[in-house]
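Colleague: Chains as they are written, first to last, in my numbering: chain R, 1 to 301; chain W, 302 to 657; chain U, 658 to 816.
Just so you know, these hints were derived from the structure itself, not from any lab.
Since we're looking at a predicted model, the values are computed, not measured.
Virtual Cβ for every residue (Gly too), placed ideally from N, Cα, C.
One or more of the hints may lead you astray.
Result set (DSS-like, lysine-lysine): computed pairs, CA atoms no more than 30 Å apart in a straight line [to be verified]:
hint: 1; chain 1: U; residue 1: Lys-745; chain 2: W; residue 2: Lys-343
hint: 2; chain 1: W; residue 1: Lys-637; chain 2: U; residue 2: Lys-667
hint: 3; chain 1: U; residue 1: Lys-774; chain 2: W; residue 2: Lys-371
hint: 4; chain 1: U; residue 1: Lys-747; chain 2: R; residue 2: Lys-116
hint: 5; chain 1: R; residue 1: Lys-197; chain 2: U; residue 2: Lys-686
hint: 6; chain 1: U; residue 1: Lys-686; chain 2: U; residue 2: Lys-717
hint: 7; chain 1: U; residue 1: Lys-688; chain 2: W; residue 2: Lys-343
hint: 8; chain 1: R; residue 1: Lys-197; chain 2: U; residue 2: Lys-667
hint: 9; chain 1: R; residue 1: Lys-221; chain 2: R; residue 2: Lys-197
hint: 10; chain 1: U; residue 1: Lys-687; chain 2: R; residue 2: Lys-197
The calculated label-pair distances, taken between Cβ atoms and stated as ranges, are [unchecked claim]:
hint: 11; chain 1: R; residue 1: Thr-51; chain 2: U; residue 2: Asp-728; range: 41 to 47 Å
hint: 12; chain 1: U; residue 1: Glu-737; chain 2: R; residue 2: Lys-227; range: 50 to 56 Å
hint: 13; chain 1: R; residue 1: Glu-103; chain 2: W; residue 2: Phe-509; range: 50 to 56 Å
hint: 14; chain 1: W; residue 1: Lys-375; chain 2: U; residue 2: Asp-711; range: 19 to 25 Å
hint: 15; chain 1: R; residue 1: Glu-103; chain 2: W; residue 2: Phe-610; range: 44 to 50 Å
hint: 16; chain 1: W; residue 1: Arg-356; chain 2: U; residue 2: Asp-711; range: 39 to 45 Å
hint: 17; chain 1: R; residue 1: Thr-51; chain 2: W; residue 2: Val-357; range: 26 to 32 Å
hint: 18; chain 1: R; residue 1: Gln-271; chain 2: U; residue 2: Leu-785; range: 36 to 42 Å
hint: 19; chain 1: W; residue 1: Val-374; chain 2: R; residue 2: Gly-159; range: 44 to 50 Å
hint: 20; chain 1: R; residue 1: Gln-144; chain 2: W; residue 2: Phe-455; range: 30 to 36 Å
hint: 21; chain 1: W; residue 1: Phe-648; chain 2: R; residue 2: Gly-159; range: 31 to 37 Å
hint: 22; chain 1: R; residue 1: Arg-222; chain 2: U; residue 2: His-702; range: 41 to 47 Å
hint: 23; chain 1: U; residue 1: Asn-662; chain 2: R; residue 2: Asn-185; range: 43 to 49 Å
Not close to chain U: a few residues of chain R, all C-beta gaps over 10 Å, as computed [claimed, not checked]:
hint: 24; residue: Thr-85
hint: 25; residue: Leu-124
hint: 26; residue: Val-262
hint: 27; residue: Leu-281
Here are the chains, one letter per residue:
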Amino acid sequence: MDYVAAATNNLAYVGAVEKLVGLVVPPRASFIRTILAELQRISSHLLWLATHAIDIGAMTPFFYCFRERELILDLFEEYCGARLTLNCMRPGGLPFDLPVGWEDRCREFVSMFPEKIAEYEGLLTENRIWKKRTVGIGVLSPEQALDYGVTGPMLRASGIGLDLRKATPYEAYPEVEFEVPVYHNGDTYDRYLVRMKEMYEAARIVVQCLDKLPEGPIMAKRPRVLKAQKDSETYHAIEGPKGEIGFYITGDGTPNPDRCHVRPPSFMNLQVLPELCKGHLIADLVAILGTTDIVLGEVDR
Amino acid sequence: MLQALTESPVFEYVLVPAIKISLLLFAGVLPLITYLVLAERKILGFIQVRLGPNRVGPWGLLQPIADVMKLMVKEDILPERAIKWAFILAPCLVVGPAFVIFAVIPFGPPAAEAGSSFNWFVTDINVGVLFVVAMATIGVYGLLLGGWASNSKFSLLGGLRSAAQMISYEVPQGFAIVGPLILAESMSMVDIVEAQRTAGYWFIFPQFLAFFIYAVAGVAESNRNPFDLPEAESELVAGFHTEYSGMRFALFFLGEYANMIVISAVAVTLFLGGWLRPFPNVEALAFLDFGFLNSPGLVGLLWFSLKIFVFLFVYIWFRGTFPRYRFDQLMDLGWKWLIPLSLFNVFMTGLVKILR
Amino acid sequence: MAIVNRFLDKFMLLDLFAGLGITFKNMWKKKVTVQYPEERWEPAHRFRGMFRLDEDRCIKCTLCARDCPIDIVYIDWHQELNPATEKKVKVLDRFDIDVQRCMFCGLCEEACPTDPKSIWLTTKTYELATYERWTNLYVDMDELQEWHTRPDYTDREVL
């Protein structure tokens, strides 16, 4: 499973269970989950940028990105006790409420973050060496993307503006305003631009959620042991940082699910690799592999 | 007897330079190279918002000693099917020429100017620049031999690429050097610096384009970022020095850093005025001559070292900032951009010289 | 005008100099390194570290063992008659945790019904590396209780 973006993984599973059993999440829990998911999106994109840049040869964005990622992981640690193996959501809401002062620290982080993205962009976006390595490399046409089931930033860089946060809104996304970046060339440079823009937008979403955070309970009224009805099934997908992550769960009347299948974004995105490599040199393979943003934990499960 | 010895030509032309270069290499260049490795790690660390090595000795100052000792006691692996004589000869061919070039680089003023009987350089041949370029070219053999002798596909490819990169950047480097040659009307390194003194400004000012081309070609010559594809880990394992370990690898490593220092030293001599202070004929800046030290030779050495350190800092700065060029883009840059630009520079310099 | 702009863009290398400027500025910022053995990074309050058990508070309901997703909590108890109060009490025989496979998820802590909890993970110990697995990573009842007084591993393991 996706160990880099654990909160969105949690969110997809918990959302699927809630859909199956029929629980309604209280609004405060919904907003906090959105904040956690967007912070996780920023953290996942930072990791992607760090590893992609260092594979292409730029050593310093790695350290700068990890410096910011540490701050996000600290926020997560304060909230739920772990940095990567978060266990931060439960079916029906959240296990604990925000600790004292977390909102202020989160606000502080999000207010200083956009200038850090500007720093990474200053190092890479206009850099002629970076452009030479990434423009025109690994071009994915929209038809190919739809054929292979590619989702996420890879799809949006090829011109198709499908984002599940806008298409099938969930959690607190209907209440916040944000843009979905779409570019049309479908090459590595565009995917880089899409992800950078998504980081800006994620920071915006977090600020709006913090402003609109309601008071209230954080866990729905639910029985201690959840049971699904016999022969019920559901598929719930959310927009993770790497693409559409979905859970298909079928119930059979007992507390254990009959079947639980994951639709991993990295697995689908990885299928496109042979198509992307056609006509390029072996030295480009490193750039192409970096741009698909895969997590092998998801690919192998 | 001693009198006869000190006045014989053997003393002046053989013994004194031999002693000078030995001292220079062992007491000057070797420590400089090992501490350059430490400086690179520390400066890269600072650029990357972290401390470099700081455990071994205060600020990591004993780290190079630890590194050298580690490399010396490592097992010396000789691959079974490797071509033995080439495998052993390759590191020497990389390191040797780099060290030999130090013989013609002037670290300070000649005896007449310094007012003492001590020349602040090992020797001054009147085709100094040609010697430098020739020795740099011999260094390519070492890489080729190293790559081929290891009998491994990655090493062979890495060696071929590295050699191709080096010879294709020797051409713009050579042409860039022609600029100061025309201005100074002599090939001797000391004469070029003297010409900068008589002109009153460093040659970087009229020859800015040549300096830029020389700097870029120099970075490519020593296989450094952004041109370090032949030895980058994510691209080609480790290139031509994959199969080397222990002291042989240390020699390659030393050779690369010695190459860096040599290229910086030549750039400083040709473009940045060697041992001269900025604007050497302007009276207002005479305090920069540090007259109170009463030794123009030492002051010259100080300025020379300062300039080399700045150049090396820029090398390390480049490594920390830029991504890598792909190999074909690298060759594109060398052949399609730098050579025409350097030819243009030579043409313009010649034209201006004739018209004056 | 556009031609001049393109010329400047291509030849003046402004983008490269901007990158150099950014790295130069970062050289003078505060370094983020924590010098480990001398300075230790203190985790947050809710950090899920190593366990501690409090036998007195434990009501031996075994909910923690049941909720553990990988079944690494081993509990044995038996009932005894307490002569003083004439009541049957549960006595804990064995409460072992196999830390080798523990993922520190905290579900056992959440399941514990007592208040304050009898098993909790916020001891802020994350330095659990040892030289031998079976002696140190299979933790029994007494060790679990004494966790805050456990010495540093270097004192015990490396002799």
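Colleague: Please go over all the hints and tell whether each is borne out by the structure.
Modeller: Against the structure, the hints:
1. Between the alpha carbons of Lys-745 of chain U and Lys-343 of chain W the distance comes to roughly 68 Å, so the proposed pair goes past 30 Å and is violated.
2. With a C-alpha separation of about 14 Å, the suggested pairing of Lys-637 of chain W with Lys-667 of chain U holds against the 30 Å cut-off.
3. A distance of roughly 53 Å separates the Cα atoms of Lys-774 of chain U and Lys-371 of chain W; the hinted pair therefore is violated under the 30 Å criterion.
4. Proposed proximity of Lys-747 of chain U and Lys-116 of chain R is contradicted: the alpha carbons are some 58 Å apart, above 30 Å.
5. Note on Lys-197 of chain R and Lys-686 of chain U: the hinted pairing holds, with a Cα-Cα distance of about 26 Å set against a maximum of 30 Å.
6. Using a Cα cut-off of 30 Å, the hinted pair Lys-686 of chain U and Lys-717 of chain U is violated, with the two alpha carbons roughly 54 Å apart.
7. As the CA atoms of Lys-688 of chain U and Lys-343 of chain W are separated by approximately 12 Å, the hinted pair is consistent with the 30 Å bound.
8. Distance check on the hinted pair: Lys-197 of chain R and Lys-667 of chain U sit about 26 Å apart at the alpha-carbon level, within 30 Å; holds.
9. Simply put, Lys-221 of chain R and Lys-197 of chain R have alpha-carbon atoms about 38 Å apart, too far for the 30 Å limit, and the pair is violated.
10. At most 30 Å may separate the alpha-carbon atoms for a hinted pair to count; Lys-687 of chain U and Lys-197 of chain R meet this at roughly 28 Å.
11. In this structure, Thr-51 of chain R and Asp-728 of chain U break the distance hint of 41 to 47 Å, their C-beta atoms being roughly 35 Å apart.
12. At roughly 37 Å, the beta-carbon separation of Glu-737 of chain U and Lys-227 of chain R lies outside the given 50 to 56 Å, and the hint is violated.
13. For Glu-103 of chain R and Phe-509 of chain W, the Cβ-Cβ distance of about 55 Å falls inside the hinted range of 50 to 56 Å, so the restraint holds.
14. A C-beta distance of roughly 53 Å is found between Lys-375 of chain W and Asp-711 of chain U, which places it outside the suggested range of 19 to 25 Å.
15. Between Glu-103 of chain R and Phe-610 of chain W the CB atoms are about 49 Å apart, so this pair conforms to the stated range of 44 to 50 Å.
16. Distance hint for Arg-356 of chain W and Asp-711 of chain U: a CB-CB separation of about 41 Å, consistent with the stated range 39 to 45 Å.
17. Evaluation of the 26 to 32 Å hint for Thr-51 of chain R and Val-357 of chain W yields a pass: the beta carbon distance comes to about 30 Å.
18. Under the hint 36 to 42 Å, the C-beta atoms of Gln-271 of chain R and Leu-785 of chain U, about 39 Å apart, fit the expected range.
19. Judged by the Cβ atoms, the range 44 to 50 Å given for Val-374 of chain W and Gly-159 of chain R is violated: they are separated by roughly 59 Å.
20. Checked against the hint of 30 to 36 Å, the pair Gln-144 of chain R and Phe-455 of chain W passes, with Cβ atoms roughly 33 Å apart.
21. The hinted window of 31 to 37 Å between Phe-648 of chain W and Gly-159 of chain R is violated, with their beta carbons roughly 48 Å apart.
22. Checking the proposed 41 to 47 Å range against Arg-222 of chain R and His-702 of chain U shows it is violated: the Cβ atoms sit about 27 Å from each other.
23. The beta-carbon spacing between Asn-662 of chain U and Asn-185 of chain R, approximately 22 Å, falls outside the hinted interval of 43 to 49 Å.
24. Under the 10 Å C-beta cut-off, the non-interface status given to Thr-85 of chain R relative to chain U is violated; the minimum distance is some 6 Å.
25. Not every Cβ of chain U is farther than 10 Å from the Cβ of Leu-124 of chain R; the closest lies at roughly 8 Å, contradicting the non-interface assignment.
26. Listed as outside the interface, Val-262 of chain R is consistent with that label: its C-beta sits roughly 17 Å from the nearest C-beta of chain U, beyond the 10 Å cut-off.
27. Against chain U, the non-interface label of Leu-281 of chain R holds: every CB pair exceeds 10 Å, the least being about 24 Å.
Checked against the numbered hints given earlier, the structure breaks hints 1, 3, 4, 6, 9, 11, 12, 14, 19, 21, 22, 23, 24 and 25 and satisfies all the rest.
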